[in-house]
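So the protein sequences, as listed, match chains Z and B.
For the first sequence, the tail end lands on 322 under the numbering used here, and the numbers increase by one without skipping.
For the second sequence, the tail end lands on 322 under the numbering used here, and the numbers increase by one without skipping.
Some hints could be false.
Put simply, identical chains are the same to the list, so a pair is met inside one copy or across any two.
Pairs of lysine to aspartate or glutamate residues, derived as EDC-like cross-links and limited to a Cα-Cα distance of at most 20 Å, are as follows [said to hold, decoys possible]:
id, residue 1, residue 2
1, 177, 52
2, 280, 217
3, 304, 228
4, 92, 176
5, 177, 254
6, 234, 302
7, 305, 228
8, 322, 221
9, 305, 194
Quick caveat, the hints were computed from the structure, so don't treat them as lab data.
There are 2 protein chains.
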Amino acid sequence: MGNDLTYAVLGTGALGGYYGGMLAKGGRRVCFQVRTGFEEVKKQGLVVESRGGDFALPDAEIYAKTDDMPKADVVLVCLKTTANDILPAMLKPILKEDTLVILVQNGLLFEEELSAEMPGLSVAGASAFICSFKVAPGHIKHCDFGHISFALLKKSETSCKLLEKVKDDFIACGVEASVEDDLPTLRWRKLVWNIPYNGMTVVMDTSTDKLMRNPETRKLIKDLMLETLQGALSCGVKIESEFVEKMLAYTDSMVPYAPSMKLDYDAKRPMEIKGIYSNPLEAASQNGADLKKIRMLEQQLYFKQSEYLK
Amino acid sequence: MGNDLTYAVLGTGALGGYYGGMLAKGGRRVCFQVRTGFEEVKKQGLVVESRGGDFALPDAEIYAKTDDMPKADVVLVCLKTTANDILPAMLKPILKEDTLVILVQNGLLFEEELSAEMPGLSVAGASAFICSFKVAPGHIKHCDFGHISFALLKKSETSCKLLEKVKDDFIACGVEASVEDDLPTLRWRKLVWNIPYNGMTVVMDTSTDKLMRNPETRKLIKDLMLETLQGALSCGVKIESEFVEKMLAYTDSMVPYAPSMKLDYDAKRPMEIKGIYSNPLEAASQNGADLKKIRMLEQQLYFKQSEYLK
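Next comes chain Z alone, as it looks inside the complex (with noise of 0.2 Å):
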């Protein structure tokens, strides 16, 4: 690698749009792979709304397809986890000898099934804090905070430095960033805020504000959040409980948000109940722990999707 990294990112939405946007603002070469509305985004390129400063990239680098694409250092995964299976034979073009494929992704396991089916691959989680979504293609709104963590899944000297040159770089374009050291930890502790608010704002039909507001939901969701903390013990990862206060107030402190999961599903799209619910489950339960609202949870997901989802 150089000394000016080259960015592919996969997925240009409320993340990969956002991100993306900033490092390509920043000076950064980044190259947006859009799949819907391609034609338009390329001529018109990307806006990002953001409540640190709107801004436009009228020549922004698009590709329809990574066949297209030139080979990146850093690859940012932005798509939905629902995605994943056609993973591999999208990163195939744009990977050379040492390219850091990073999932910006919700959800438990997917860094070690990625890594299963592409032994040798330098993989890498994020995990990021952010209230954002497409309001169309090439049109992203930032709502609110926008820290990301990184972590690596296998760590090499090659990919913790190239990690922290990534996180160098999101600082310099002014995105709060971190390392952490642990993926598992990084993990579990988003799981924490994913878990509660993503099921229960699509089962109740509602948003986060409203659930926090009522005492009933907001001590299902800190219950939601107690167990995910078991889980995670479960799995070696020890969450303080303090933790749980703070994921409370965070989203008490929260502009009314409607989750990724409920976008989804208020559009009809498939929902990320696996790597959200299905894989932490089978992750807690094959480590002896029994999470029964988060299964209960799961259960009615899957029965909300299949309403839709034939």
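On the provided structure of chain Z, position chain B as indicated by the hints.
What follows is chain B alone, placed relative to chain Z:
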């Protein structure tokens, strides 16, 4: 009491209209209390569309309030339990010395609550295994089943004899009926059906058949039944595990059905959450049983109700 009993039916809906109607058709004296649409029902009488044969009772004795009614030997309380706070005041004008008050209602501990408010009152409970609903004031549609089981809260020679006579009257009038030995057993057995289906049809906004067809919710329904058995056991009520399979098969055999709580939810009426969820959860909790999935369903139901009931 004489040889011929006078029945009072409080609440002439799906249950009161059907069972009271069958008794009246069979020649028993039945005084119906009708709240909604009194004038109309008074004029037109009752109509019952039943799979056992439709019938009309144009001369049914219809009353707007218990003040106007004769005293009764037997009171069939067929009101929603959400109205139970006004029950003692409603009952007073129609009570004789040995009047038997039978709560034909869903849920746990209402007989105990009534008895605590009206010490010395002879109280029984009844579980109706029936699919029926009120089409309009004075117009009942009976779709399936119909068995009714009675049990006394406290047994005395007088009340036992009277309840036997009530059961005989029901049978003579074409209703399958039985007297059971133990009220808590009667109540908990009915909860094995009521707990999963009432709440889940509301929270999933669906009908029983769809919950049974989806493998995830079918499993959850069974889990909720098994938790109900666990709650019952903690309260000293042993229900054989085969009963769960029987209830699942019974529901499979039913026409697609919206339980009463789903009808209440759709009509934005208060739901019977207390009797079907909160009271059983409280009883189980006092006996050391933590029914996690039932508790979660209760919390979800309170949220759903708070969205339309202020």
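Here is how each hint holds up against the structure:
Taking CA atoms no more than 20 Å apart as the test, residue 177 paired with residue 52 passes in neither setting, with 33 Å inside one copy and 80 Å between copies. Proximity of residue 280 to residue 217 under the C-alpha cut-off of 20 Å is found in both arrangements, the shortest distances being 13 Å within a copy and 16 Å between copies. Taking the shortest alpha-carbon separations for residue 304 and residue 228, both the intra-copy value of 17 Å and the inter-copy value of 14 Å come in at or below 20 Å. Taking the shortest alpha-carbon separations for residue 92 and residue 176, neither the intra-copy value of 25 Å nor the inter-copy value of 65 Å comes in at or below 20 Å.
For a Cα distance limit of 20 Å, the shortest separation of residue 177 from residue 254 qualifies neither inside one copy, at 32 Å, nor across copies, at 62 Å. Taking identical chains as interchangeable, the C-alpha atoms of residue 234 and residue 302 lie at most 20 Å apart whether they share a chain (17 Å) or sit on different chains (16 Å). For the identical chains of this complex, residue 305 and residue 228 are neighbours both inside a copy (14 Å) and across copies (14 Å), given an alpha-carbon limit of 20 Å. Proximity of residue 322 to residue 221 under the C-alpha cut-off of 20 Å is restricted to the inter-copy arrangement: shortest distance 17 Å between copies versus 31 Å within a copy.
In this assembly of identical chains, residue 305 and residue 194 lie within 20 Å of each other by CA distance neither inside one copy nor across copies; the values are 27 Å within and 32 Å between.
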